[in-house]
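Protein chains in written order, with my numbering: chain Y, 21 to 132; chain R, 1228 to 1461.
Keep in mind that the hints are not guaranteed to be accurate.
Here are the simulated lysine-lysine pairs, DSS-like style, with alpha carbons at most 25 angstroms apart [to be verified]:
1) Y:K44 x R:K1377
2) R:K1323 x Y:K75
3) R:K1229 x Y:K75
4) Y:K75 x R:K1443
5) R:K1313 x R:K1323
6) Y:K55 x R:K1323
Calculated from the structure, these hints are not laboratory results.
Listed below, chain by chain, are the residues.
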Amino acid sequence: MGNSKLYKGSLNTIILKLLDENGKMYGYEITQRVKELSKGDLNITEGALYPALHKLEAEGLLNVEMIKVDNRLRKYYKLTEQGEKETVNRLAELEEFIRNMQNLVNPKWSIK
Amino acid sequence: MKLNKIQIEILYDFTRQHFVEHYDLQTELVDHLANGIEAQWRDNPQCSFDKALQTEFNKFGVHGFADIIQKKHDSLIKSYLKIVLKFIREWFRLPKFFLTLSLIGLFYWSFTSDFSKIFIIIDFSLICLFFAFGVFYNVYILKRRKSRGKKIFVLHDIILRGELFAVIIPLFPLSISFFEIDNPSSLSSFSVLLLATFSTFIYLLGFVSIIIIPKKAEELLKETYPEYKFEKSM
């Protein structure tokens, strides 16, 4: 994550969400998709992406598939059944976090 | 414009020169670098292969591939421990559980016999020697594979190096000092039983991680790595 520490804790959730939407993706594709979706605002660095993918794979949340493409092997990641459940949980957690942050940063004052 | 086979080989060499010695990680990084280079060529077809490669590599930061290598190893250590526990669990289920009980009984008998001190020294020395020989043999196999240019996967490396060995060996002197084995007659039956169970567990841990799992490495690699089947064809 090049630009903000705020995104750091959400990297795994971003990866899970992208895989949930796209079925299967490879590392480079994930970095480009995030850049595209955030209009270049968010840049996932290679040094952060692969350790996150490998950790999710070791935790059993991702499955891998190898396909030969253009003279080389490409490693695709996809969600396991456990990964699908975890995505729902983590997205709910993230949404709650965003809601709480909005309330903290921009509280709606009212006189009772 | 796409990279040709020779350029892909150059990328594999490049990862090796930057201390990525395992084929699974090399393959993933090669594809990443290749995608980046091809993307640069789409924007600027005049860009040389070497310059495009350097630009892509710089994106990995000042540490290059080092962090990725270390964290991949850490992730797979967790997977390896899960494998070890899966094999250990078999020894606590029938029919192997009878063997485990017999081993506990054997340790208990040797610790309570008149020659307990000698038995303890012989037991622990033999186990240590046996496991040390196992680790040396596995590391020898690993080095031979490397010297013959065979592809090594991170998990294969962890399995053959028997990384648990470093944890198992200090457990012996620790158990000796903890249970005051130098004076076994002072121990209660319960303490001896505990010591016998502990010794059995250490023995099983060593046996499974140094003997059983390396023997089944091929099978485990096929389960873990879909690219393993491509190994011979690439």
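Verification of the hints:
no.	hint	verdict
1	Y:K44 x R:K1377	violated (30 angstroms)
2	R:K1323 x Y:K75	violated (33 angstroms)
3	R:K1229 x Y:K75	violated (31 angstroms)
4	Y:K75 x R:K1443	holds (24 angstroms)
5	R:K1313 x R:K1323	holds (14 angstroms)
6	Y:K55 x R:K1323	violated (54 angstroms)
In this structure, the earlier hints numbered 1, 2, 3, 6 are contradicted, and the remaining ones agree with it.
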